[in-house]
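**Student:** Here is how the chains run, residue by residue.
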Amino acid sequence: MKSIQDLEAIRQKTLSEINLRNDRAGTRVVVGMGTCGISAGARPVMMEFVEEVNRRNLKDVMVTQTGCIGVCRLEPMVEVYMPGQEKVTYVLMTPEKVAKIVTDHIINGKVVTEYTIGAAE
Amino acid sequence: MREISLHILDLAQNSLTAKASVLTIGIDIDHAKDTLTVTLSDDGCGMSPEFLKNVVSPFTTTRTTRKVGLGIPMFKANAELTGGSFDIKSEVNVGTAMKAIFVLSSIDRPPLGDLTGTMISLVISNPSFHFHLDYCVDGNAFDFDTEEISAALGGDVPLDNPDVVQWMKGYLNEGFESLHGGA
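Going line by line, the protein sequences match chains U and A.
Take 1 as the starting number for the first sequence in the working numbering and just add one per residue.
Take 122 as the starting number for the second sequence in the working numbering and just add one per residue.
Hints may be right or wrong, so weigh each one.
[As the list claims (entries may be wrong)] Derived DEER-like restraints, expressed as beta-carbon distance ranges:
hint, chain 1, residue 1, chain 2, residue 2, range
1, U, Arg28, A, Pro179, 40 to 46 Å
2, U, Ser16, A, Lys188, 49 to 55 Å
3, U, Ile107, A, Asn261, 40 to 46 Å
4, U, Arg55, A, Gly204, 39 to 45 Å
5, A, Ser206, U, Gly67, 25 to 31 Å
6, U, Leu15, A, Gly291, 41 to 47 Å
7, U, Cys72, A, Ala153, 21 to 27 Å
8, U, Thr66, A, Asp151, 49 to 55 Å
9, A, Arg187, U, Glu121, 17 to 23 Å
10, A, Ser249, U, Glu79, 36 to 42 Å
11, U, Thr66, A, Asn214, 50 to 56 Å
12, A, Cys257, U, Pro83, 42 to 48 Å
13, A, Pro179, U, Ala25, 39 to 45 Å
[What the hints assert, rightly or not] Okay, derived cross-link-like pairs now, BS3-like style, lysine-lysine, Cα gap no bigger than 25 Å in a straight line:
hint, chain 1, residue 1, chain 2, residue 2
14, A, Lys290, U, Lys13
15, A, Lys290, U, Lys2
16, U, Lys100, U, Lys59
17, U, Lys97, A, Lys210
18, U, Lys59, U, Lys2
19, U, Lys87, U, Lys110
20, U, Lys87, U, Lys13
21, U, Lys13, U, Lys2
22, U, Lys110, U, Lys100
23, U, Lys87, U, Lys100
24, A, Lys290, U, Lys59
25, A, Lys210, A, Lys290
[Said to hold, decoys possible] Stretches of chain U that chain A covers, calculated by requiring three or more beta carbons in the stretch to come under 8 Å of a beta carbon on chain A:
hint, segment
26, 30 to 39
27, 87 to 95
28, 103 to 109
29, 112 to 120
Derived from the structure by calculation, the hints contain no laboratory data.
Being a predicted model, the structure only gives us computed values, none of them experimental.
Cβ coordinates follow ideal geometry from the N, Cα and C atoms, glycine included.
Please model the entire structure based on the sequences and the hints provided.
**Tutor:** Put into structure tokens, the structure is as follows:
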């Protein structure tokens with residue numbers, strides 16, 4: 001059973017970890033969560049990003065949300081920002097597509113072209 | 122929206138846009154009365170009486186990119202479809218409160234859905250915002266408060282820390298299960 005007291009242990013663990021910076025620092029995964037994105041299934045996509053990033057222990061990748069990105073018919077949409085690179089927009093996202101984006105793009109730096117807005121348009 | 126928890130995720134954005142400092146989400150399931158009541162109340166900038174009067178119209182929105190805003194109208198429609206009701210009150214500089222009552226046994230009532238997912242999505246996207254959830258089933262309550270969690274973390278570990286997120290997920294799931302498990 002989880003209790004509030006567990007948080008003290010998490011705090012100690014976090015504070016004792018040495019903050020190793022690397023070239024992924026500042027990477028952001030932004031999930032479009034307007035009414036359109038949410039009804040198209042953005043929440044499971046976001047949760048899968050959180051899971052995958054945690055599974056691979058990518059401490060410096062931030063997963064966050066934004067409002068309507070503007071092309072509602074291609075929702076759920078996800079924007080990936082990496083330092084020194086152009087923003088990449090992935091469209092018609094599903095939780096199944098998440099692992100490939102994390103491994104190929106975020107870890108290995110190779111954009112998954114077939115999932116991008118460029119491929120859909 | 123397929124789930125009531127997706128409505129909550131959507132409507133919470135209104136409170137964040139309204140620059141609220143705390144959002145209280147209430148879910149009260151009452152089998153005797155056959156109701157599922159959802160309340161959202163914030164201390165944001167509120168709405169003028171004129172705006173409030175039209176806020177349930179799909180053609181009312183504060184955004185400037187287009188003229189439709191479907192969050193509140195769809196929530197209202199889903200509640201009323203079950204034979205329930207919807208009410209919204211707001212005052213400028215005080216805040217906004219809305220309440221939707223769903224008839225629990227109605228075949229048209231959407232499932233509550235993944236409330237843990239909704240709460241986690243909200244917290245990691247807004248780690249310094251104060252969310253409070255009151256979840257109640259037939260008088261038995263479970264509550265989740267991000268300020269309490271921040272305080273327990275001593276204020277120096279953010280709530281979007283992966284270990285904290287995993288803990289919150291477990292805490293929420295166990296909390297909901299404890300009220301539904303029949304134990």
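**Student:** Each hint: holds or not?
**Tutor:** To see whether the hints hold, each was checked on the structure:
1. Taken as a hint, the range 40 to 46 Å is violated for the pair U/Arg28 and A/Pro179, whose Cβ atoms sit roughly 32 Å apart.
2. U/Ser16 and A/Lys188 have their C-beta atoms about 53 Å apart, which keeps the hinted 49 to 55 Å range intact.
3. At roughly 45 Å, the beta carbons of U/Ile107 and A/Asn261 sit within the given window of 40 to 46 Å.
4. In this structure, U/Arg55 and A/Gly204 meet the distance hint of 39 to 45 Å, their C-beta atoms being roughly 44 Å apart.
5. For the pair A/Ser206 and U/Gly67, the beta carbons lie near 28 Å from each other, so the given range of 25 to 31 Å is met.
6. Taken as a hint, the range 41 to 47 Å is violated for the pair U/Leu15 and A/Gly291, whose Cβ atoms sit roughly 21 Å apart.
7. Checked against the hint of 21 to 27 Å, the pair U/Cys72 and A/Ala153 fails, with Cβ atoms roughly 41 Å apart.
8. A hinted range of 49 to 55 Å for the beta carbons of U/Thr66 and A/Asp151 is inconsistent with their spacing of about 36 Å.
9. At about 20 Å, the beta-carbon gap between A/Arg187 and U/Glu121 stays in the expected band of 17 to 23 Å.
10. Evaluation of the 36 to 42 Å hint for A/Ser249 and U/Glu79 yields a failure: the beta carbon distance comes to about 22 Å.
11. The hint said 50 to 56 Å for the Cβ distance between U/Thr66 and A/Asn214, and at roughly 27 Å that hint is violated.
12. For A/Cys257 paired with U/Pro83, a C-beta distance near 45 Å keeps the hint of 42 to 48 Å intact.
13. With their beta carbons about 42 Å apart, A/Pro179 and U/Ala25 fall inside the hinted range of 39 to 45 Å.
14. This hinted pair checks out: A/Lys290 and U/Lys13 have alpha carbons roughly 18 Å apart, not beyond 25 Å.
15. Our distance criterion of 25 Å between C-alpha atoms is met by A/Lys290 and U/Lys2, whose separation comes to about 10 Å.
16. As the CA atoms of U/Lys100 and U/Lys59 are separated by approximately 18 Å, the hinted pair is consistent with the 25 Å bound.
17. The hinted pair formed by U/Lys97 and A/Lys210 fails the criterion: a straight-line CA distance of about 41 Å is larger than 25 Å.
18. Our distance criterion of 25 Å between C-alpha atoms is met by U/Lys59 and U/Lys2, whose separation comes to about 23 Å.
19. Only pairs whose Cα atoms come within 25 Å are accepted, and U/Lys87 paired with U/Lys110 is accepted, the gap being roughly 13 Å.
20. Of the pairs offered as hints, the one joining U/Lys87 and U/Lys13 is violated, with about 33 Å between alpha carbons and a cut-off of 25 Å exceeded.
21. For the hint pairing U/Lys13 with U/Lys2, the CA-to-CA distance comes to about 17 Å; that is within 25 Å, so the pair holds.
22. At most 25 Å may separate the alpha-carbon atoms for a hinted pair to count; U/Lys110 and U/Lys100 meet this at roughly 10 Å.
23. The suggested pairing of U/Lys87 with U/Lys100 holds, with an alpha-carbon distance near 17 Å, which does not exceed 25 Å.
24. With a C-alpha separation of about 18 Å, the suggested pairing of A/Lys290 with U/Lys59 holds against the 25 Å cut-off.
25. At most 25 Å may separate the alpha-carbon atoms for a hinted pair to count; A/Lys210 and A/Lys290 exceed this at roughly 32 Å.
26. Given as covered by chain A, the segment 30 to 39 of chain U passes the check, having 5 residues with a CB less than 8 Å from a CB of that chain where 3 are the minimum.
27. Residues of the segment 87 to 95 of chain U lying with their CB closer than 8 Å to a CB of chain A number 0, which falls below the three-residue condition for coverage.
28. Remark: the segment 103 to 109 of chain U is not confirmed as covered by chain A, as 0 of its residues place a Cβ nearer than 8 Å to a Cβ of that chain, below the required three.
29. A count of 0 residues in the segment 112 to 120 of chain U with a Cβ less than 8 Å from any Cβ of chain A is obtained; the coverage claim is therefore unmet, three being the minimum.
Going through the hint list in order, the structure does not satisfy hints 1, 6, 7, 8, 10, 11, 17, 20, 25, 27, 28, 29.
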